[in-house]
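Trainee: Order-wise, the sequence lines are chains P and S.
Residue numbers for the first sequence follow this note's numbering, so the first one is 1 and each next one is one higher.
Residue numbers for the second sequence follow this note's numbering, so the first one is 224 and each next one is one higher.
None of these hints come from the bench; they were simulated from the model.
Among the hints, erroneous ones may be present.
[Said to hold, decoys possible] Here are the in silico distance ranges between beta carbons for each label pair: (1) S:P361 - P:F58: 48 to 54 angstroms; (2) P:P28 - S:Y409: 54 to 60 angstroms; (3) S:C273 - P:D198: 23 to 29 angstroms; (4) S:A405 - P:N61: 49 to 55 angstroms; (5) S:L249 - P:P186: 55 to 61 angstroms; (6) P:Y183 - S:G394: 48 to 54 angstroms; (7) P:D164 - S:L392: 49 to 55 angstroms; (8) P:L205 - S:I276: 36 to 42 angstroms; (9) S:C273 - P:F58: 26 to 32 angstroms.
[As the list claims (entries may be wrong)] In silico PhoX-like cross-links for lysine-lysine, where the CA-CA straight-line distance does not exceed 20 angstroms: (10) S:K347 - S:K315; (11) S:K436 - P:K204; (12) S:K315 - S:K423; (13) S:K423 - S:K347; (14) P:K175 - P:K131; (15) P:K202 - S:K436; (16) P:K131 - P:K204; (17) P:K202 - S:K423; (18) S:K315 - P:K175; (19) P:K204 - S:K347; (20) P:K181 - P:K202; (21) S:K315 - P:K202.
[What the hints assert, rightly or not] Covered stretches of chain S (in silico footprint by chain P; criterion: 3 or more residues with CB under 8 angstroms from a CB of chain P, positions within the stretch not fixed): (22) 257 to 269; (23) 343 to 351.
Note that the Cβ used here is the ideal one computed from N, Cα and C, for glycine as well.
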Amino acid sequence: METPDQIRDRLLARFPGAAVAVVANPGPAAQHSLLVGGAHGRAIAEFLRDDPALRLDFCSNATGVDWLDREVTDVASTTVPDPAGGPAKVVEQKTKRLQPGYLEVVYHLFSMELRHGPVILRMRTGNRSDKVTLPSLTPVWRSCEFQEREVFDLYGVVFSGHPDLRRILMWDEFKDHPMRKDYAEPDDYEWEPTPHGDVLAKAKLHYPAAEPAAAAPKEEPKP
Amino acid sequence: MSDPGPPPATPTDAERDELRRQGILLTSMEELYNWGRSRSVWPLNFGLACCAIEMMAASMARFDIARFGSEVFRPSPRQADLIIVSGTVTKKMAPQVVRLWNQMPEPKYCIAMGACAISGGPFKQGYNVLKGIDRYIPVDIYIPGCPPRPEALLHGLMQLQEKMRGQRLTGPEAPPHMQPGAACDYPVPAFGAHDLEPPKNPELWQPPVLVRKEGA
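Isolated chain S (complex conformation) (with noise of 0.2 angstroms):
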């Protein structure tokens, strides 16, 4: 009965690298995969207000965000891996973007930009503008400003790229649409007499559980 020993540690970056110069590139397919598509981010062409303005700006020769790979704006929701939620949100658009949303293929990612998109921001206390569009769809990223610099949104696109990397293929930590009989698709909210219907998801969002101070 012989001691079978430790287990085979993983190789550190500085064998990997030690490797690569021998002419071996050592990598997982999940490692491969992810590298791929984190550099090909391609973002869906949609703009709501004015965070759209240094959206463009940033696609454009002086930030560049082709150097992120995510230059390849896409006129079509199924072409798409990104939705950058730049602007505004009024009520009346909201059901527009979970449907565009939906139409987006898996796995699929949103920045919510700006924040109005994080939060209705100036015009939050109005009757027409939704509070967030986390209430209607899962958001990865979010980057404040009013509106965000071009290199806010490189920032928010470089931080997405590390948490694409970070993803699991398999076991229970993979996305929702590597599981087996997960939903992907939202419900689109309705125009009411008075309100959107419903006015938020509630699978997705819920108001936060806070208590008033005395005297505030």
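So here's chain P without its partners, still in its complex pose (with noise of 0.2 angstroms):
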């Protein structure tokens, strides 16, 4: 099968003027992702499953990752000549800048065909609160009609072109979406007879600890 960096380039021919990227996986299993504007996403779709030489006709996976607002620095290392003569300095400048968070769909497709895969789409929203509109690609996979709307309902993005989308596990009334990482549920905290980590500290809130009187006195270090 062809690696991603070919694909992108023949995506690249076949649709000017689309962004298409390889996101480089660093780990031991190397699976780069193509990553998508969301613009052509639909056309990149068809193209990957219509492709006499790709023919992916199976989307065995559709999930969403949330990517919150995070600081990222860049480094810019210029050389600076030395006026006296001597070697010249390099000059590191960092700059913090702002990353907007986005959330991201990403599609892991297979070639039942051709027995190749799997090919990792990813397409990511303009951001994480009024730019979340992404094309649905259930037309171009009916498989991925149920894992849109659990993206849907879990991470919000909305998509269009879904023939159907309506929150899955959730109830229609529900308001959040609780896979986001700045999802806050509800206070029902109850008594827990062992709590640890983010249970504690919840256990804490809700059961201050007894008065400094009504504990038992401490007994004194001895000499």
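Assemble the dimeric complex from its two separately framed chains, guided by the hints.
Mentor: Written out as structure tokens, the structure is:
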């Protein structure tokens, strides 16, 4: 099967103006993925499905990722020649910038006919609040239907062109998106016998410690 | 003025056995009624998760819940005496469980089967699982386990029969449905924007009042 770089080059030749990039996976799995802009997402998906060399006819998995705002440090190194004639200095300039958060949808594509895969397709939304619309790939791969509904339910990505975009796990009146990293769950902590971690913090909030007067007197350390 | 003497004592079990050998059945209406209904507890045909698999096993030949008169799993809550809440009650499912409970005729009983139905179990800290069905409906028997073995379910059923045999039909100890004017309807929670509304029935359940030890 073609490498993601080869697929990207063919996609760029086929769709001039489309935003296609390869996101490298530095891990040992080295499953590099194709990052595709939402504007051409549907056309690119149809191309991947129908191209005779790829024939990616099966979408095995569609899932979402929530990326919060994060601070990125860019390091730009410039070489400054020494006016006295010595060796040139390398000056590193660090600039911090805020990378706005976004939601991401990941599709794992396989070819049943040619028996290869996966090709991993990513699409990113503009932000996490109002620009969350992405093209639905359910018209291309029917198996995306429930999983895109799940991403809509739990992450809040709106899929345009989805035939039946409703919540699938939570009830229709529910307003939150529980898989987002900043989801605040309802404050319904109850007593736990052995709280630890996050649960311990909740336990301390709901069951404050006894008054110091009521606590048992501490033994004085013996000299 | 003659001494009336001590009041007639209730016959002991040995005396009643002796009478029964002579062909005389000595019992009370209450005892007969409880004997009958405790041996024909018809559960609702209702399962939620993996505990329901054990419930099915208990109803099959190896464990044979028919020995206790409870093999008649009713597909309609109108005909059921017992709801076995067998499995995880998600918040999306909880209103339906309460609605089924409301549709069952009195006298009715509830068994919370397994860790999830008792307390939410391993999912207790999740956002989508009810932390025990006793937040909304009164539970008679709790069966711990994850899931409980069919023997445990049979034991719970026997405990429920024990409880039914001890119930009074008249007087202040009678169950609520025998009391005039007692409400037998339980409010069905509504789907809210963030959680079920209300998150619990405060008449049935209140969080435990505990004080954490210093340094804990």
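Trainee: Taken at face value, is the distance from the CA of K347 (chain S) to the CA of K423 (chain S) at most 20 angstroms?
Mentor: Status holds; Cα separation ~15 angstroms.
Trainee: Could you grab the alpha-carbon distance between K202 (chain P) and K423 (chain S) and see if it respects the 20 angstroms cut-off?
Mentor: 19 angstroms, holds
Trainee: Holds or violated: the 48 to 54 angstroms window for the beta-carbon distance between Y183 (chain P) and G394 (chain S)?
Mentor: 52 angstroms, holds
Trainee: Given the hinted pair K315 (chain S) and K175 (chain P), is their Cα-Cα distance within 20 angstroms?
Mentor: Since the Cα atoms of K315 (chain S) and K175 (chain P) sit roughly 14 angstroms apart, the hinted pair holds (cutoff 20 angstroms).
Trainee: Would the pair K315 (chain S) and K423 (chain S) pass a check requiring their Cα atoms to be no farther apart than 20 angstroms?
Mentor: 14 angstroms, holds
Trainee: Does the beta carbon distance between A405 (chain S) and N61 (chain P) stay inside 49 to 55 angstroms, or does it fall outside?
Mentor: At roughly 54 angstroms between Cβ atoms, N61 (chain P) and A405 (chain S) fall inside 49 to 55 angstroms, so the hint holds.
Trainee: For the pair we were handed, K436 (chain S) and K204 (chain P), check the Cα-Cα distance against 20 angstroms.
Mentor: Answer holds: K436 (chain S) to K204 (chain P) is near 10 angstroms, not above 20 angstroms.
Trainee: At least three residues with a C-beta closer than 8 angstroms to a C-beta of chain P: is that true for the segment 343 to 351 of chain S?
Mentor: holds (count 4)
Trainee: Go ahead and decide if the range 49 to 55 angstroms is satisfied by the Cβ distance of D164 (chain P) to L392 (chain S).
Mentor: Once the Cβ atoms are compared, 53 angstroms apart, the range 49 to 55 angstroms for L392 (chain S) and D164 (chain P) holds.
Trainee: Between K175 (chain P) and K131 (chain P), is the straight-line Cα distance small enough, at 20 angstroms or below?
Mentor: 17 angstroms, holds
Trainee: Below or equal to 20 angstroms on CA atoms is what counts here, so check K202 (chain P) against K436 (chain S).
Mentor: 15 angstroms, holds
Trainee: For the pair we were handed, K131 (chain P) and K204 (chain P), check the Cα-Cα distance against 20 angstroms.
Mentor: Violated. K131 (chain P) to K204 (chain P) sits at ~39 angstroms, over the 20 angstroms cutoff.
Violated hints, listed in ascending order, are 16, 21, 22; each of the other numbered hints is respected by the structure.
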